[in-house]
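Colleague: The listed protein sequences correspond, in order, to chains V and U. In terms of this note's numbering, the first sequence is residues 1116 to 1296. In terms of this note's numbering, the second sequence is residues 36 to 389.
Hints in this document: simulated from the structure, not taken from any laboratory. Heads up, a few of these hints could be off.
[What the hints assert, rightly or not] Below, a list of computed lysine-lysine pairs in the DSSO-like style, where the Cα atoms sit at most 30 Å apart:
1. Lys-1284/V to Lys-113/U
2. Lys-1266/V to Lys-218/U
3. Lys-157/U to Lys-144/U
[Claimed, not checked] Looking from chain V toward chain U, a few residues come up when the C-beta cut is under 8 Å (computed):
4. Ile-1190
5. Phe-1192
6. Gln-1209
[As the list claims (entries may be wrong)] What the simulated footprint calls covered on chain V by chain U, stretch by stretch (three residues with Cβ under 8 Å from a Cβ of chain U suffice, anywhere in the stretch; the number is not a length):
7. 1171 to 1179
8. 1197 to 1208
Remember, predicted model here, so these are calculated numbers, not experimental data. No residue lacks a Cβ here, since even glycine has one placed at the ideal position from N, Cα and C.
Listed below are the residues making up each chain.
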Amino acid sequence: MKPENEKFNEVVGLLRKSRPLLDSPEDIGNKVIRRLRAEKPKTDVLSSLTDFLFSWVYIGWVRRTLIAASCALVIVFIYQQGVILKRIDTLSKQTIVNDKANIKSPSEEIERLLTGYRSSGHLFSSRNITISEGQMKDLLESVKDLQIKYKDLEKIIDEDPDLKKMIEKKLMGIDHIKTNL
Amino acid sequence: MKNKLSKLVLFSVLIFCVSCNDPETTVTNILHTDGSITRIIEMKSMEGDSLKRFRIADIQVPIDNTWKIKDSVATDKKGDKTWFRRAEKLFKNVDEINNAYKADSGINKKSVRIAGFKRKFKWFNTEYYFSERVEKIFTYGYPVHDFLNSEELNYFYSPESLKGQKEAGPDSLKYKALSDSVKNKTDLWTYRNLVSEWIGEFTKLTEGTAGNDMPPAYLKSREKDITDIFKANQKNIDSLWANGTLLRKFIGEENASKYKVQADTAVDIVTKKFTLDFREYSLKIVMPGKLIGTNGFIDSSKVLLWPVKSDYFFTEPYEMWAESKTPNTWAWIVSGFFLVFVLTGVTMRIIKKG
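Produce the complete structure using the sequences and hints provided.
Modeller: Here it is in C-alpha cells:
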C-alpha cells in the first residue's frame, strides 16, 4: 500500500500536467493590467494635506530657511521682551509725585531774575520792570532782611518743640482748606 | 511782633509772585495710536476781574476760539473764589500743534517749542514716542549738569510738590541742605552763563575788527576771572561798568576804550535773552498702551508730569519725552502658528527618517 503522501503528490503532479488550454493568454494579461490601472488607489485626505503642507521638509534650502526664520523670530521676541522688561523696571524706580500739591514755587522765577539782578545790578536792567532803581534796591534789601529773619524764625521754632507742634498743626489746617477747594 | 511783621512781608512778596504767575496752567497731551492728540489745558486763577482773567496774552500755551472751553468757579470756606477754565481740542497730528506754537500770541510766544511724534512697527509691538521740546535761550552757556551732581540734578528738575514733600518729610534737614546746595550752585551757574554769553556776543561783534588786539580765545580763557570780578563787585557794578573800570579789567585799558560800543551792545543782547518772558506751567502726557520709558515724573494718577521753567532751557534744550508700546495681537498669533508649523514639520521629518 502506497502511503497517503505519495498518492497526494501523484494527484498534484497529474493536475499540473493537465493545464487548461487558454484561447488568448495575452488578452487576459492585458485585461488584468487594464483593470489594475483603472482602479484608483485608496486616498486619505489628511495624509495628502499633511504631505502637501510639509513637503518643504524634503527640500533642503526651504527647510533651513524656515528653521532660521523661526529661530530669528524667537530671538527677536526674547530680545524685545528683555529690553521692555528692563525699561519697565527702570521706570518703576521713577519718582511718583503727588500732583494735588503740585503748586508752582512762586519764588523761583523771581529768584532767577533777582540772582541776575544781584549779579549785575543795573547792568542787566529788565525791560519789564518799570520800578525805579531805588525801589528795586529796597526790595532786594527787604528780601535779604526777610531771609535772615526767616532763618532766625526757623531757629526759634526748632528750639521750641511746643511752638513747632503748634505751627505744624496750623500748616496742616491750611493744607486741609486748600484740598477742600 | 517782629516775627509777625516778617511773616507779613514774606507773604506779601509771595502773594505778589503768585499773582505774577497767574493763571496756574497744566497742559495735558493725550496721545492716540493714529498720531492724533487731544490737548487739554486746565487753568486756575485767583484773579477777580473777569476781563483780566484767562486773557490769551497771559496764557502759557497757545489757545484760541477753536477750542472747547468750559469755565467753573469754586468758593472756599472763607468765601474766596477760584476760577477754573478747561479747554480741549483734538489735533490731527503734531504738525498742527507746532503750527499753533508758531502762531502763539500768549506770554511764552518768544520761546521756541516743538512737538514730535514717532511710531515704530516692531512686529510684536508698535512703539510710540512723543516729545515736547523747548529750544535753549543762551548760545554760549554751560549745561547745568556741569555744575550739579546727579542727586542735585534730580532735585533741580523735580516738581515743586515733590520738593515740598521732601523738605517736609523725615529727611527734611538733608533736603534743606540739598536745596541750599542747589541754589548756591545754580547761582554760580547763572553768573558763569551771563559772563560766557557776554563773551560770546562780544567776541562775535568784535570779530574781524579786533585782530591780534584781542584774539577770540583770550576772553574765553579769562572767563573764570571775569566771573570772579563780576561777583566781587556786585554792589557797585553799575558805576564800575559806567565808568569803564570793569571793562578795563576785562579786556585792558586800550581795548576798553576801543570796543566800548560793542561791549554795551553785547550787554544789551544778553539782557534781552536773560529777561525773556516766560511763565512756567506743567506739562502732562498720557501715552497709548504700556509706558516703557520717560524722563518725566509720574503723578498719582499715573500720568507723566514735567514742570516747564525757563531755568531748564537756558543753556540746553529741554526735552520732555515718553515712549510706550501696544501689542500687535495678530503678529503674536501669526508668529505662534508659524513656530508650531515649522516645529511640526521638523518633528515629522525626524520621525520618518527614524
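Colleague: Kindly indicate which numbered hints from before are broken by the structure, ordering the numbers from low to high.
Modeller: Result: hints 3 and 4 break, sorted rising.
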